[in-house]
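J.: Next come the chains, spelled out residue by residue.
Protein chains: 2
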Amino acid sequence: MIEKIEGGITAAQGFKAAGVHSGVKYRSLDLGLLTSDVPAKCFIGYTSNKVKAAPIQVMMEANPSELQAFVVNSGNANALTGKRGIEDVYTIRAHAAAALGIDEELVGVISTGLIGRFLDMPKILYGIDRAAKELTYGLEADSDFAEAIMTTDTRKKEAAYRVKLEDGSLITIAGVAKGSGMIAPHLKVLQGTTLSFIVTDAVLTENFKGTWQEILDDTFNMISVDGDQSTNDMSVLLANGLSGSEIADEDPNFIAALRKLMKELAYKVVEDGEGVTKVIEVEVRGAQSKEDAVAAVKSIIRSPLVKTAIFGSDPNYGRIMMALGNSGVDFDIEKVKLTIIGSGIEVPILECGMPVFEDQRSVDIVRMAMEGDTVKIIVTLGDGDYSAVGWGCDLSYDYVKINAEYST
Amino acid sequence: MIEKIEGGITAAQGFKAAGVHSGVKYRSLDLGLLTSDVPAKCFIGYTSNKVKAAPIQVMMEANPSELQAFVVNSGNANALTGKRGIEDVYTIRAHAAAALGIDEELVGVISTGLIGRFLDMPKILYGIDRAAKELTYGLEADSDFAEAIMTTDTRKKEAAYRVKLEDGSLITIAGVAKGSGMIAPHLKVLQGTTLSFIVTDAVLTENFKGTWQEILDDTFNMISVDGDQSTNDMSVLLANGLSGSEIADEDPNFIAALRKLMKELAYKVVEDGEGVTKVIEVEVRGAQSKEDAVAAVKSIIRSPLVKTAIFGSDPNYGRIMMALGNSGVDFDIEKVKLTIIGSGIEVPILECGMPVFEDQRSVDIVRMAMEGDTVKIIVTLGDGDYSAVGWGCDLSYDYVKINAEYST
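Quick note, the sequences are listed as chains W and S, same order.
Each number in this note's numbering comes from the position in the first sequence (counting from 1) with 156 added on.
Each number in this note's numbering comes from the position in the second sequence (counting from 1) with 156 added on.
Some clues are possibly wrong.
One copy or two, it doesn't matter: identical chains are merged, so the pair holds either way.
[Claimed, not checked] Taking lysine-lysine pairs in the DSS-like style, the calculated list, with each CA pair at most 25 Å apart, reads:
1) K419 / K365
2) K160 / K419
3) K279 / K289
4) K181 / K446
5) K279 / K239
6) K239 / K365
7) K206 / K365
8) K416 / K557
9) K160 / K181
10) K279 / K446
11) K491 / K239
12) K239 / K493
13) K532 / K206
14) K446 / K416
15) K491 / K446
16) K172 / K532
17) K557 / K172
18) K206 / K493
19) K279 / K419
20) K491 / K206
Keep in mind that the hints were calculated from the coordinates and are not lab data.
Work out the full structure, taking the sequences as your base and the hints as a guide.
T.: Listed below in structure tokens is the structure:
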């Protein structure tokens, strides 16, 4: 049983949160604090950008197996800040640990926002103190935390599920994400700026790591707003075990629910992509390997020419094939099928690598399909049994506007 | 001696050209014909997109070592057109050969325009007949040919140089290019939709192939408008030997002039990139290998976030480092230097991976530099002796407009 429930990050037992205004941003909430009543088993995926923000460097070095609290600030990424940036992370960690009365090693830290500026530390430390006093659970706390971690996001991204495990116990998985631009995460466990925090009161062990990477690969690692991977991407799973369930590492319901929740949050990120007017879903089928299927999906969802055509509902499907041809994937054009689904219409476009039609009426039908809020592209390569699905968004005037004026 | 001269594709001895209106496009010139009085040694670079237009497939299969004529149509790419597309290319070739009284094997064919539609053959064949009658040399013929091969281009791209070889003989190199969108060529000799035709009356042999690939790699293969490689990219060099010079394969003046001309044409393509308001030049120095330097340049010039920041003159230089970090190149952030040059100002931004400054006045100076028509970014990795330079353009509202409405 997997049941969607109301609420966000504090919906699972024993988790509390707060979101406050520290003053790094001019007006909005900009500092979030998340805690668990007891130390929680943690699983973290980090950006694979070679330029890593200071908090990413510190967390990767610490490589914690358990955490009890997470401090997140928005408005400043603490990236390209050298040794001073690193020291600031340690100061935040120590300050939060003292405010919460826990070990520093149990505090995680992440930042998101402008790159290349030092943190305004007095504001951050003041924010931590305030957040520590406001920690609580419930819808308001969920909402404040979700808001405090946003940058160019226009809405909060939360989800929660109640799951009955095979042992009969009831557990909760809840999550929150942020991200709107600089989105093309490629998160590696242990080693996205989309940030996501997923918490559960289920019991997990170290052995869950492989499954966590697999789910990340199929969800957050398959979304793209602009093809640019951030210096600060991070995806965190905290499992505090307070449900008293059996170990859920291999529980099919738990895995299915976690996958569902992470896909939902990842989808919300592209749905709120900078300047988005339409979500693009790309599915590649019949590839020779999973890697090929993923590469083909990514090449299509990242192509500016595909993205602008979809923005304009321009039935220029040749661009999809151009992008497929640039993916580095080997295929036989004479076996390729292309279908576009939108506005409730499913339109076959190519069969055996050639247009199914050529008259104006058919082109108008393609345009109608492309006018939907969600445009789904299905490419069948006919070369094998592997498939992949990814999500992206169109490229609009507003994307340009938002990013031409971001830091100013 | 390398001297820039007036004129385009017919500036070299023995070359003639014409550009006519065949009717594939509504009004403008859309069919170009280029001929040499005698068969010319030919060197061709083709798109490495896996989806190749019909004329690319035919030319790669024919793999000609000599050509005497080239037919180019714009408005329709003859791509995704299957067997019928291939047959159309053979028909064009045979028709042009008959009109010119030469062997079919001596006729090259290429198309550029919309993908996924069959050619309107009666119009194309009519156009060839008309062009064959109008063949001539001089500025008007140059201009007509240059115009006939354009798609979203807003201006013609021509250049010509007179060169004194080491043996004392005078030769001419002349060229024309088109390209505005779907530009990120990766041309392979013998095996990019920017098209370029370079002609010379110098004498070249088969041995020149390696040098030709090297020059392509440093010029056309280092430009990007949108990071999308076309199904139709092609770069052609024809050498008819009519100057009566010695073999110029290794002549330093010849090589320098050819490189200069191809860089000039490639630069003109980005200068006329779709919606361009600024040219971006990226130089990466101190890389461990040439491949690393090239990968780093390409990652920066293709990043939508870098491109929009430059469009808005937004001093958000952190995005340059984000893009560098996504290039797959290994480097030590603590050695990285970043400099931006524009509006006649050179601004050091990062030293040892950290901002050189942080006050508002300095940020204003970065903005001033970014307000230039050309913004040059220099990244020094400090890890080795290799460097590369590439050219791209900003991402503006007009880029979105042009591409959201292309086919309609």
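J.: Please go over all the hints and tell whether each is borne out by the structure.
T.: Structure-based check of each hint:
1. K419 / K365: Within. Shortest intra-copy distance 18 Å satisfies the 25 Å Cα cut-off; inter-copy 50 Å does not.
2. K160 / K419: within (13 Å within a copy, 59 Å between copies)
3. K279 / K289: Close inside one copy (16 Å), not across copies (78 Å); limit 25 Å.
4. K181 / K446: neither (42 Å within a copy, 42 Å between copies)
5. K279 / K239: Intra 20 Å, inter 68 Å, cutoff 25 Å: intra-copy only.
6. K239 / K365: neither (31 Å within a copy, 50 Å between copies)
7. K206 / K365: Classified as within: same-chain Cα gap 22 Å, cross-chain 37 Å, threshold 25 Å.
8. K416 / K557: neither (33 Å within a copy, 36 Å between copies)
9. K160 / K181: Neither: 33 Å inside a chain and 55 Å across chains, both beyond 25 Å.
10. K279 / K446: Cα proximity of K279 and K446: none, with 47 Å in one copy and 45 Å across.
11. K491 / K239: between (55 Å within a copy, 13 Å between copies)
12. K239 / K493: between (53 Å within a copy, 16 Å between copies)
13. K532 / K206: Between. Shortest inter-copy distance 23 Å satisfies the 25 Å Cα cut-off; intra-copy 32 Å does not.
14. K446 / K416: within (20 Å within a copy, 44 Å between copies)
15. K491 / K446: This pair counts as within: shortest intra-copy Cα distance 18 Å, inter-copy 37 Å.
16. K172 / K532: Intra 38 Å, inter 49 Å, cutoff 25 Å: neither.
17. K557 / K172: For K557 and K172, the Cα distance exceeds 25 Å both inside one copy (37 Å) and across copies (47 Å).
18. K206 / K493: between (37 Å within a copy, 15 Å between copies)
19. K279 / K419: neither (35 Å within a copy, 51 Å between copies)
20. K491 / K206: between (38 Å within a copy, 13 Å between copies)
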